[in-house]
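Trainee: Residues per chain, in single letters:
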Amino acid sequence: MQSLTSYAIVVCIMLVALVLYVVYSVRELKREEIKGVRK
Amino acid sequence: MITAAILIIYIVLCLVIGIITSKYVKTLEDFVVAGRRMGPWIVAFAFNTTALSGWLYLGVGGWVYREAFQAAWTLWGSGLFAIIASYAILGTLVRRFSKTTGSLTIPDMLEVRYYDQRTHILRYISAVIIFISTIIYIGALEAQLATAFRYVLGMGKLESTILGTAVIVVYCLLGGMLAAVWTDILQGAMMAAISITLLPLAFYAAGGLKLFEGVDRIAAQDPLFVLSPWASPSVVLYGISLILFASILSYMGQPQLLNRFMIAKSDPVIRKASIISAVLQVILWIGVFTCGLAARVIWPSPDVLPERNTELALPFLIETYLGPAAAGLYWGAVLAAMMSTADALMIMAVSSIANDVYRKVLRPQATEREVLTLSRILTVIVGVLGIIIAFQPLLLLWSTWLGWSGLAVFVVPILMGLYWKRGTRQGAICSLVVSFIVGMLWFALGLHRYVHIAMPSLLSGFAVYVLVSYLTKEPPKEVQELVEKVRKGVGV
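Here the protein sequences come in this chain order: A and B. With positions in the first sequence counted from 1, the corresponding number in my numbering is that position plus 39. With positions in the second sequence counted from 1, the corresponding number in my numbering is that position plus 32.
I should point out that these hints are in silico values taken from the structure, not numbers from a laboratory. Fair warning: this is a prediction, and the values are worked out from it, not measured in the lab. We treat Cβ as the ideally placed atom computed from N, Cα and C, and that holds for glycine. Be aware that a few hints might be false.
What the hints assert, rightly or not - Straight line, CA to CA, 20 Å or less: simulated EDC-like cross-link-like pairs of lysine to aspartate or glutamate: (1) Lys520(B) - Glu67(A); (2) Lys297(B) - Glu71(A); (3) Lys131(B) - Glu513(B); (4) Lys189(B) - Glu339(B); (5) Lys69(A) - Asp299(B); (6) Lys297(B) - Glu67(A); (7) Lys505(B) - Asp148(B); (8) Lys304(B) - Glu67(A); (9) Lys520(B) - Glu72(A); (10) Lys304(B) - Glu72(A).
As the list claims (entries may be wrong) - Partial list, derived from the structure: chain B residues whose beta carbon lies under 7 Å from chain A: (11) Phe101; (12) Ala104; (13) Leu112; (14) Val247; (15) Asp248; (16) Ile250.
Go ahead and model the full structure; you've got the sequences and the hints to work with.
Mentor: Now the structure itself:
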């Protein structure tokens, strides 16, 4: 089942990268919002 | 019959939206950047639907069917990393630069950044590259549409190509960008809805995890059917040319996508849109990728497929397992993807001549009405010339990629111009010309089978840009200050 391993790696790389990006972007947006309110 | 009915209803719906929204197009700014007042959902949907055409549903589906995990490199690149990179590296800067300088198009931006307002050389070169690449790209879209009409309505190649061209031209004549971004929402929703169903369908049709047993079995017999993204050095080399050059850098070079950043209302809109775009893109890609594998497992030989065409594997899978109504909706999604790309491309190609050359240089006193009339005449010309490409015996995958790679050459002057204030006018001019010629030659010589066109094209472009910039006089102080100001967001 070599292809199952390949498929799992391919999809996992995408999903992990997506989750990390969403978390990072939401945090950045909140940080910018707080900075905007302080200004 | 049901498939055809749904397809026709969808085309009529798109045309109606085009007619309604065309009434709100009053100025060239409405036509080209939708008045710079759009929120994150519209920016994101406009970006994704413009980037993806029937190439995803037909071309990529067929590619996975033929070469399996080699396509994973594009899945990673175009399916996610290119989106993140485009928004993060260029999104905010392109919006700021265009707003600060009042640029409506990428040639406008290049002219200001490279202080070329006197000679307009960059404007002319950009217009030529955009026009030629768009004709190729639109031709590929006409071929995609003709494939849809052949499959669904049983038409011949000539009639289907003429009908496909007519639909694209009429649709593009109606609205402009304001119409395009509103129909993008409908088209993006349609694409997402269909793509979500593709993932479960793939596993259902192939018998669950038996899908992978089948993939292993076929790979043992067919050496072209790659079992792992790093199966051999040549697969990895090709993969790097795909992920880094054909996907990430090429996304950042597409003027029609960079133009989507200009319609955003503010900087936070760009960041919010990037999240929506990234999620949507992953949804759109994973289903297609998995379905391509499933289709190969179910029909190991392409002899069973309609016209023995591997690019019809996905619609055939849907029709077989979900019935004609679902197939009609699938073709609707394919059409949605094509139309949303076609209108953006057409607007860009037409405005590169009508706005960037005719109004800005040749006839500054031209009225709005005159420019709009010229835009409409050019739309017909691009559509008709596209037929030449539509008739070439090329895979849809490659005809689309050729137009895409032609437009990708703008990444060099845009990316370097926004981040490196030392980049000069001569560097930008030489890089555009060299990378465009290298890309077209690479394809003409058939070398794209070993390394994707975008890699030699963009590598040569970057090298020439840096070299020529160092050899020529540095840009004027005010240009260097503008680059700094835009990057830091001071007073923007």
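Trainee: A separate judgement is required for each hint: does it hold in the structure or not?
Mentor: Now the hints, each set against the structure:
| no. | hint | verdict |
| --- | --- | --- |
| 1 | Lys520(B) - Glu67(A) | holds, 17 Å |
| 2 | Lys297(B) - Glu71(A) | holds, 16 Å |
| 3 | Lys131(B) - Glu513(B) | holds, 16 Å |
| 4 | Lys189(B) - Glu339(B) | holds, 12 Å |
| 5 | Lys69(A) - Asp299(B) | holds, 13 Å |
| 6 | Lys297(B) - Glu67(A) | holds, 18 Å |
| 7 | Lys505(B) - Asp148(B) | holds, 14 Å |
| 8 | Lys304(B) - Glu67(A) | holds, 10 Å |
| 9 | Lys520(B) - Glu72(A) | holds, 18 Å |
| 10 | Lys304(B) - Glu72(A) | holds, 12 Å |
| 11 | Phe101 | holds, 5 Å |
| 12 | Ala104 | holds, 5 Å |
| 13 | Leu112 | holds, 5 Å |
| 14 | Val247 | holds, 4 Å |
| 15 | Asp248 | holds, 5 Å |
| 16 | Ile250 | violated, 9 Å |
Hint 16 from the earlier list is the only one contradicted by this structure; the remaining hints agree with it.
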